[in-house]
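Colleague: Protein chains in written order, with our numbering: chain A, 1 to 286; chain B, 1 to 235; chain C, 1 to 332.
FYI, nobody ran anything at the bench for these hints, they're computed from the structure. For glycine and all other residues, C-beta sits at the position ideal for the given N, C-alpha and C. Be aware that one or more of the hints could be misleading.
Taking lysine to aspartate or glutamate pairs in the EDC-like style, the calculated list, with each CA pair at most 16 Å apart, reads [as the list claims (entries may be wrong)]:
1) B/Lys131 to B/Glu107
2) B/Lys28 to B/Asp183
3) B/Lys130 to B/Glu97
4) B/Lys6 to B/Glu98
5) B/Lys79 to B/Glu97
6) C/Lys114 to A/Asp33
7) B/Lys58 to B/Glu11
8) B/Lys219 to B/Glu97
9) A/Lys174 to B/Asp87
10) A/Lys159 to B/Glu31
11) B/Lys182 to B/Glu155
12) A/Lys159 to B/Asp183
13) C/Lys135 to A/Glu130
14) C/Lys114 to C/Glu192
15) A/Lys185 to A/Asp33
16) A/Lys162 to B/Glu97
17) A/Lys162 to B/Glu155
18) B/Lys113 to B/Asp153
19) A/Lys185 to A/Glu175
20) A/Lys109 to C/Glu192
21) B/Lys164 to B/Asp87
22) A/Lys162 to B/Glu98
23) B/Lys182 to B/Asp208
24) B/Lys228 to B/Asp208
Far from chain B, some chain A residues (derived; all Cβ distances over 10 Å) [to be verified]:
25) Ala169
26) Met176
27) Val177
28) Leu269
Chain by chain, the residues run as shown.
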Amino acid sequence: MELLFNLTLNGLATGMLIFLLAAGLTLIFGLMDVLNFAHGGLFAWGAYSGIWIYTTTGSFLIGIFGAILTGFLLGIITEKWIIKPVYGNHVQQILITLGLMLVLSEMLKVIWGPNQLTANPPEYLKGSWEIGDIIIIKYRVFIIFVGLLVFAGVQFLLKNTKIGLVVRAGVMNKEMVQALGINIKKVFMFVFMIGSGMAALGGVLFGPYSGVIHAGMGMEFAILAFIVVVIGGMGNFTGSVMAAILVGLSGSFMAYYVPELSLAVNMLLMAIVLIVKPQGLFGGKG
Amino acid sequence: MSELLKLNNIETYIGQYHILQGVSVEVKKGEVTVLLGRNGAGKTTTLRTIMGLNPASKGSVVYKGEEIQALPTYTIAQKGIGYVPEDQGIFAGLTVEENMKVAIQKENEETNKRLDYILNLFPDLQKFWKKPGGLLSGGQKQMLSIARAYVNDNELLLIDEPSKGLAPIVVEKVMESILQMKDQTTIVLVEQNFMMASTIGDCFYIIDDGRTVSNGTMKQLKEDEEMKRKYLGIA
Amino acid sequence: MKWIVNNRMNAIYIIIAAFLFLLPFVYESRNMLILLTQIFVFAILAMSYDLLLGFTGIVSFGHAMFFGIGAYSIGIFMKRLEPTMLHFIYAVLATILITAIVSFIVGLLTLRLKSHFYAMLTMALAGLFLVLAEKWRTLTFGNDGFTFRVPELFIDRTNFYIICLVSMIAVFMILKRFTNSPLGRVLQAIRENEQRTESLGYQVLHYKIAASVVSGVLAGIAGIFYAMSLRYVNTSVFAMDITLDALLMTIIGGVGTLVGAIIGAGLIEFAHDGLTELAKEHWIFERWIIFFGIIYILVVIFFPLGIVGTLRKFTWIRKKQHPAKKKENLAG
Ligand SMILES: Nc1ncnc2c1ncn2[C@@H]1O[C@H](COP(=O)(O)OP(=O)(O)OP(=O)(O)O)[C@@H](O)[C@H]1O
Ligand SMILES: [Mg+2]
């Protein structure tokens with residue numbers, strides 16, 4: 001019982017981190033048809049910049065905001081100088097984002113050195129609550145809480161604001177959005193920025209969760225995020241949160257019972273989805 | 001009457017295909033100009049070229065005295081041109097209400113009035129206000145698409161085959177509504193249904209193989225059996 | 001003889017090949033020999049990559065997977081069994097079998113979908129193989145890897161050099177033939193316009209899978225030679241770096257040209273070598289990948305035809321005396 005509970009909590013927390021990465025990926029893909037292979041790099045940048053600010057200022061909150069800001073900035077730069085110049089050419093776009101991934105990861109090593117950095121939760125999020133036999137680690141609850149908050153926030157944005165409506169409309173029919181007098185390029189930029197901010201937030205939250213961060217983490221998480229994007233359906237925001245929880249939970253349980261197979265099981269899940277329902281488990285775009 | 005829109009010998013490529021090879025059209029203010037021609041003649045492409053969706057590589061598109069052929073689509077739309085595409089371009093996952101919200105460029109008294117007007121014209125839209133656009137019937141989709149183009153204070157509407165795939169009774173309904181809007185805006189209409197075209201239209205252009213081959217008033221066309229047979233396949 | 005006169009390009013290839021054959025007998029530098037061997041091996045990998053990217057318009061981000069399968073197959077056969085020619089042949093057969101099956105499955109799963117899926121699935125699968133190599137310690141000795149002995153024929157560096165050179169030339173000629181064959185023409189038609197090719201009645205999926213399998217098998221062969229040149233294999237053969245190298249070589253050399261892949265392999269390997277030397281002088285050169293990354297991004301944006309493609313374009317312009325088609329882009 002206690003074990004079950006902990007594995008679930010762990011899986012949910014990991015799922016939320018993957019969600020923060022996958023959500024931007026899926027939105028950017030849905031709207032712009034760009035699969036951003038550098039997205040994991042933004043995750044790692046969020047972690048490094050956020051943890052660095054956190055350790056320098058001593059405030060975790062400032063660290064989080066710093067990370068998000070870094071994500072926004074990198075997102076804008078990426079969209080403007082890397083993605084836009086090759087707009088409309090899929091192959092070039094895929095190729096170039098991978099190049100960016102490489103540069104982003106290496107830049108981390110140039111700035112913060114090649115070794116991994118350690119990170120701890122702030123005092124108020126350290127330790128755990130005990131309820132009966134059940135031990136609840138505070139930081140995990142915190143991650144789940146933040147993840148859900150972001151999900152609700154983005155959901156609100158998509159459902160209730162004009163720009164959100166335009167994003168959803170753009171996922172369905174880009175041409176028509178422009179024919180209605182809306183500058184879709186600005187919307188691209190906005191979505192790229194939000195998506196990158198979410199990835200960076202995921203990165204900084206991951207720091208104290210795992211205790212260490214390293215430059216390769218972006219790539220590792222990006223693979224999980226890709227799996228989530230496929231399972232949830234490319235371009236499907238609500239699908240991505242469900243798929244992320246699924247992948248997080250399966251990862252957590254597998255890691256306990258048969259650790260060797262945990263990535264393999266998720267890959268298998270993805271392969272099955274690709275065969276039977278390539279538009280994703282949770283419906284089509286939208 | 002002066003012309004609102006003028007296409008001067010435009011040529012358009014789609015990929016490597018030379019689709020439009022010389023289309024010239026003059027649209028007079030307050031009139032309904034009908035583009036006719038067989039399937040694949042280039043009618044849709046002409047409208048898309050006006051909207052900047054398939055930009056012209058030669059020739060010019062002059063709207064209210066200004067050349068717009070090199071502008072991005074959204075700027076062209078903001079200048080007051082509304083577009084109802086052949087496939088209606090409904091955002092399937094968005095409700096009717098949300099479809100309208102995306103379309104509305106500025107929220108003001110004037111827009112609200114136009115919204116009321118168009119919803120009175122198409123009560124079905126009001127009835128299915130909260131229903132996803134994808135679940136509407138063909139005719140309702142057509143109405144929604146027209147409503148979206150109309151709701152902004154557009155001086156020119158481009159409407160591509162509104163009767164396509166609709167039951168005769170629905171065609172009549174759509175036709176009526178276009179006739180009503182005719183008083184307020186200039187319209188360029190692509191229409192294969194000759195009955196509809198001749199009822200609504202003031203003047204016509206025939207496009208064949210990417211070129212405008214003939215034009216005149218609708219009255220002239222009605223009487224010209226030869227022309228109808230040659231380009232439209234009707235006697 | 002007439003054929004040589006007729007084709008200046010072939011004459012140049014033959015002269016260069018002859019020069020490379022004679023080199024080890026006139027210029028005795030062990031380092032140079034090893035470097036050139038490495039270039040030949042990576043040229044095979046890059047050409048296999050070019051078949052996908054340049055000739056079919058498929059992006060793979062997991063080419064290291066096939067390379068690694070080859071490297072581990074040879075390592076395991078040589079380590080577990082005696083390092084004889086027979087076992088070498090077994091290893092080659094095993095590599096061909098495994099890479100063919102894997103590339104077939106990946107192709108079947110993703111090639112009917114948008115190009116992103118192939119890139120993504122290969123990347124994820126390569127990650128899986130990396131984990132597999134780390135975790136299956138009884139077979140792979142985990143991260144540390146293992147050394148092994150090679151059959152006698154391959155021990156002598158000059159012999160091995162010649163064998164790699166011959167293999168590279170063979171792969172070049174086979175792929176040249178392959179891409180000029182009717183099947184290769186269909187692949188290029190797919191790259192240019194997939195829908196049109198489909199509407200002409202070709203089963204596009206079958207052709208793409210065929211390209212994926214040939215490419216995977218050749219990458220596996222490159223992996224075999226790579227491991228044999230080091231007589232050592234560890235998990236790094238599955239790393240992203242290998243895929244990136246192949247990508248870089250193909251793109252910088254010029255996609256869809258095959259020769260470009262060889263030139264790219266030469267450039268990148270020389271650059272690796274030089275930068276490793278420079279790293280002793282200044283730490284920033286330890287991060288040489290960053291330079292590659294930046295060059296790579298710039299090439300993709302400004303120079304998408306690569307070296308060979310750009311040269312060809314210019315000679316073509318001069319011949320025809322009118323500008324080349326503007327839209328001649330990377331497999332768009
Ligand atoms: N994306 C495209 N790629 C290639 N050719 C195209 C494309 N779109 C349209 N065409 C071609 O351009 C020509 C004109 O098409 P267009 O849609 O403008 O015709 P149309 O007059 O609207 O026909 P219809 O009455 O059938 O709607 C056709 O021959 C069509 O095949
Ligand atoms: Mg049409």
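Colleague: None of the hints should be skipped; say for each whether it holds.
Modeller: Right, here's what the structure says about each hint:
{"no.": "1", "hint": "B/Lys131 to B/Glu107", "result": "violated (22 Å)"}
{"no.": "2", "hint": "B/Lys28 to B/Asp183", "result": "holds (13 Å)"}
{"no.": "3", "hint": "B/Lys130 to B/Glu97", "result": "holds (6 Å)"}
{"no.": "4", "hint": "B/Lys6 to B/Glu98", "result": "violated (34 Å)"}
{"no.": "5", "hint": "B/Lys79 to B/Glu97", "result": "violated (24 Å)"}
{"no.": "6", "hint": "C/Lys114 to A/Asp33", "result": "holds (10 Å)"}
{"no.": "7", "hint": "B/Lys58 to B/Glu11", "result": "holds (5 Å)"}
{"no.": "8", "hint": "B/Lys219 to B/Glu97", "result": "violated (40 Å)"}
{"no.": "9", "hint": "A/Lys174 to B/Asp87", "result": "holds (14 Å)"}
{"no.": "10", "hint": "A/Lys159 to B/Glu31", "result": "violated (39 Å)"}
{"no.": "11", "hint": "B/Lys182 to B/Glu155", "result": "holds (11 Å)"}
{"no.": "12", "hint": "A/Lys159 to B/Asp183", "result": "violated (36 Å)"}
{"no.": "13", "hint": "C/Lys135 to A/Glu130", "result": "violated (35 Å)"}
{"no.": "14", "hint": "C/Lys114 to C/Glu192", "result": "holds (15 Å)"}
{"no.": "15", "hint": "A/Lys185 to A/Asp33", "result": "holds (13 Å)"}
{"no.": "16", "hint": "A/Lys162 to B/Glu97", "result": "holds (12 Å)"}
{"no.": "17", "hint": "A/Lys162 to B/Glu155", "result": "violated (24 Å)"}
{"no.": "18", "hint": "B/Lys113 to B/Asp153", "result": "holds (11 Å)"}
{"no.": "19", "hint": "A/Lys185 to A/Glu175", "result": "holds (12 Å)"}
{"no.": "20", "hint": "A/Lys109 to C/Glu192", "result": "violated (40 Å)"}
{"no.": "21", "hint": "B/Lys164 to B/Asp87", "result": "holds (9 Å)"}
{"no.": "22", "hint": "A/Lys162 to B/Glu98", "result": "holds (9 Å)"}
{"no.": "23", "hint": "B/Lys182 to B/Asp208", "result": "violated (27 Å)"}
{"no.": "24", "hint": "B/Lys228 to B/Asp208", "result": "holds (13 Å)"}
{"no.": "25", "hint": "Ala169", "result": "violated (4 Å)"}
{"no.": "26", "hint": "Met176", "result": "violated (4 Å)"}
{"no.": "27", "hint": "Val177", "result": "violated (7 Å)"}
{"no.": "28", "hint": "Leu269", "result": "holds (25 Å)"}
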